[in-house]
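Number of protein chains: 2
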Amino acid sequence: MTEHDPQYLAELAAQLRVDSVRAAAAAGSGHPTSSMSAADLMAVLFARHLRYDFDQPDNPANDHVILSKGHASPLLYSLYKAAGVIGDDELLTFRRRGSRLEGHPTPRLPWVDVATGSLGQGLPVGVGVAMAGRLERMPYRVWVLCGDSELAEGSIWEAAEHAGDEGLADLTAIVDVNRLGQRGPTRHGWDTGAYARRFAAFGWHTIEIDGHDPEEIDYALQDACKTRGRPTAILAKTRKGEGVLEVENREGAHGKPLKDADKAVGELGGPRDVRVTVRKPDGAAEPYRFDSAPLEPPAYEVGEQVATRTAYGEALAALGAARGDVVALDGEVADSTKTEAFAQRFPERFFEMYIAEQQLVAAAVGMQIRGWIPYAATFAAFLTRAHDFIRMAGISRASIRLIGSHAGVAIGEDGPSQMGLEDLAMMRALYGSTVLYPCDANQTAWLITEMAGVEGVSYLRTTRGSTPVIYPPGERFPVGGSRVLRQSSGDRATIVAAGVTVHEALAAAGELETTGVPVGVIDLYSVKPVDSAVLVEAAITTGNLITVEDHRLEGGLGDAVLDAVSELGPRVVKLAVTELPGSAKPEEQLADAGIDRHAIVEAVKRLL
Amino acid sequence: MTEHDPQYLAELAAQLRVDSVRAAAAAGSGHPTSSMSAADLMAVLFARHLRYDFDQPDNPANDHVILSKGHASPLLYSLYKAAGVIGDDELLTFRRRGSRLEGHPTPRLPWVDVATGSLGQGLPVGVGVAMAGRLERMPYRVWVLCGDSELAEGSIWEAAEHAGDEGLADLTAIVDVNRLGQRGPTRHGWDTGAYARRFAAFGWHTIEIDGHDPEEIDYALQDACKTRGRPTAILAKTRKGEGVLEVENREGAHGKPLKDADKAVGELGGPRDVRVTVRKPDGAAEPYRFDSAPLEPPAYEVGEQVATRTAYGEALAALGAARGDVVALDGEVADSTKTEAFAQRFPERFFEMYIAEQQLVAAAVGMQIRGWIPYAATFAAFLTRAHDFIRMAGISRASIRLIGSHAGVAIGEDGPSQMGLEDLAMMRALYGSTVLYPCDANQTAWLITEMAGVEGVSYLRTTRGSTPVIYPPGERFPVGGSRVLRQSSGDRATIVAAGVTVHEALAAAGELETTGVPVGVIDLYSVKPVDSAVLVEAAITTGNLITVEDHRLEGGLGDAVLDAVSELGPRVVKLAVTELPGSAKPEEQLADAGIDRHAIVEAVKRLL
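First to last, the protein sequences are chains X and W. Quick note: the first sequence uses full-length UniProt numbering, first residue 1, plus one each step. Quick note: the second sequence uses full-length UniProt numbering, first residue 1, plus one each step.
This is chain X alone, in the form it adopts within the complex (with noise of 0.2 Å):
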């Protein structure tokens, strides 16, 4: 039998739904019945239209397959045994400790590029592919497996949205719509017009089937491929748990083994051995580069007044002449956070995301996996709205850059609901992040130029408001370190601070010499990692820190602080803002919030 056969395909089908019940059964948990309704919709993909090099992962021709239902990693597991790259015996250490075939599927399988289990991300990452494509003017495609629950999800809306207005025809999402969600039934159940409705008034080009028919599966992803200008929906209409009665379209079947595993196989027709050869991709065609030149980054003179923001924009610009694989993204806010200096100057690099931060970052996420270097910036407290993405980002060890602007009170008039007040909490708490926080123009364009080499999600935060250069240009500042502004050896307390507030605790720590107490002043630009020796020093040498930041008391930089020293215990007061700002003028904000250079001057007499 070959893919022409219809029975073969067929067979195929049912051995992943038999290799998915069995894989569960020998897990004792897992989503089997999530995986026997998109079985058929995945056997056809595989079998007649992916393009994918099993042998070489990397291969840049290689389609996308992005399972935006990571709950149906069985699924895909068993796909990847039929392909021949895993074998039945790894196949059955699914989800046992070690095991590379986690419960959701993750990037520690070569053939996976992002991780998963959240819903409502595969769709607008798969979006991200598909516009590193265009870029690359390469033809792989990308097909996304979406559940039917998931379109709950307003990420799954952002995408359409972008999707359709950009025409991203090498897109499919093939929505199993097998009527019920993990507590019961759907919103709209087996109402495929309903979802068709909705992509198509997003520009998508939909089709509904019958998902459990090869031939209306086989049609609808040619139909997909021929179509033009559009991304393509399918909509179709499944059976959660197909083949087997006992949970075939029944409730309280979700996300556990089947009760009787060696029936259910023997229901669908006991195991088999059928393989699945994926057809390779077409010639070599190789992704499109854009040219790259020695960096100029820019210099700015101590003294001037510069915006980190405005750093930012000039670095990432000079950035992007430097290397032709940097992509700069923004959330329709690049006048503010000045991305529009790249978007100027790379019209071709710059992705405009419009208000849609969750759709932001996965752009990025999925960029990267192309071989990108994207930076995607919008306001720090914005950032917030793509938390569960970024988080995510940091499971995949996906390589984004994130830029916060307008971090703190220190933004003045615009109020509560603009300032990046919990940023950094949020960022250090992710897994293998790195968090930037630069108080001069100098300082952040080279930690722009630095973040390029940095793996993981790391993030810089930068100040609405000029500030001045207090460093030369082309001083290094490695990720991981500090700066001791003050130091000398009658120091009494060392205060700690970043961006904003490094300027006020250089005033305070004037003010207080003229009084006789001299204190230290360290600029902790790397809020994570963080530089503990230096810290540690000042610890045991003064054994009093303050530290001041212009973000909340809980998770900032004075908690990262406390732990870098906190098996030393030197005496810590931290400076933050822990009341709800109005809007006022800069300096009265970092007045009203206390961490301004007065605040310094009486916590450090406090301490004393």
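Just so you know, the hints here were simulated from the structure itself, not pulled from any lab data. Please note: incorrect hints may appear among the correct ones.
Identical chains share a label here; the pair holds if one copy fits it or two copies do between them.
Here are the simulated lysine-lysine pairs, DSS-like style, with alpha carbons at most 30 Å apart [stated by the list, open to error]:
hint : residue 1 : residue 2
1    : 605       : 280
2    : 585       : 605
3    : 263       : 585
4    : 585       : 280
Fit chain W to the known structure of chain X by using the hints.
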């Protein structure tokens, strides 16, 4: 002139523009052009359709007006002036320190229900207010003024889906399609049809109008009032900066005062003194409330094995019987979070929000505006999806109760995408938040009841697996408290834990005792506010603290402890999750993360 005279409506709208220009000029910042585009829309609404008693903002029959495009605050404040509830002097305090007329509206003003300014949030909150109206059997209307830019936010489509599916006919979205976003043109420009198709696909009645024609606006608002069974979206084509040639329909005029305010005021026909008499609601309908009864909380026997998520569900059901004002919402995982127990007993007060966490939280915010006591639950990990909504709830001083289940690596095989590992950091850093993390069923039940009276955003974290009941039924656990579980005069260190790690800490302490090393154990169930007194005493007494938590190292329980004792300087060792977990059994996960009993024993030994 009366509100029946079209000339009156034009005069009122002109005054709103004049006052928006004047307010921004006085402030030196703000968004006059975004106010000017919507002036006709709001003039007609206030003069002819709104039912609102400005003398009694808490009149339960009042309509609700939500400014989803919160940056158009000058328009809102100008409306308040026209309604006679603020004077011209106060209008000109816009954005000044101490003024309640903030850059973006907040409930410091008695006529503002919810803080806006993070786009895409007003409509989802409006959905919650409309849901409450149905529950209360009240005929008030909910009017939400949206910008066109914010329709890119996925949260708007979560709201569209929920409102469309529920047929919330009392909800009207008035969309000010002024074509220009912050940075430049919106995706769809003046294509009101593009938006109408999208809303219609989600089941809304739609109407496209000229947003500067009072009669068309009036017709559309009437149409919205008459439409049954469906919410209405009015897509109004407008010109940003309408009425002043310097800025009208021009790019680059967003978010800044007009260059020559006096000239602009002249062009708009000069200052006026037009008053608007908003009609008060008819009749005196009283909101329907459900019966209340004495509280009969669940009770668990010491030694029983019960998951805290189960105790949450049962306690919430008991609270629902005791308090008719308690409502529950869940993100399509009520069988896992165990909100199911409430849903089965009080189906009318349970709201299935499907997998749309932003709308889940927004609905809770909307319902508390109407005096309901909402509890909203999903996996702790997926609450990150709603971070920005929770942040804004804090700024609104909204009292909502969030429950995050499946906390930590202790969930086991499902892997990192499903593990709440950043939730404590996220919740602690919010303004005015309360963070609770119980370790047994009776403690959970007590705290769930306690939360009903907690103001602001409160959060309780539950565990998937069963844990032994260690407290007898009826013990009190005040917010801000802790429980010393082991203590002796010879203690050489104190272990501070919460939730699942309390049991690991007790086991470790038992093992250490057998080797002659007595240590204390504190159950820090209230992570914020934290029981500083008890922690300080432990710091003074033993001088060695070991914190252990099933959460990332940053921003959680350990940092809360460090913060509480930082000015004293004890030695503190934090045990927390630092690596990326995979799939494994719960006890394997705790061991691999280095937060189980053995890891605690080792940490104590290393420290001493």
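Going through the hints against the structure:
In this homomeric assembly, residue 605 and residue 280 never come within 30 Å of each other (Cα to Cα): the closest approach is 71 Å inside a single copy and 57 Å across copies. In the homo-oligomer, the alpha carbons of residue 585 and residue 605 lie at most 30 Å apart inside one protomer (27 Å), although the nearest pairing across protomers, at 52 Å, exceeds that limit. When the C-alpha separation of residue 263 and residue 585 is checked against a cutoff of 30 Å, the pair qualifies only between copies, where the shortest distance is 26 Å, while the shortest distance within a copy is 72 Å. Taking the closest pair of Cα atoms, residue 585 and residue 280 never come within 30 Å of each other, the shortest separation being 61 Å inside a single copy and 38 Å across copies.
Comparing the model with each numbered hint stated earlier shows that hints 1, 4 do not hold.
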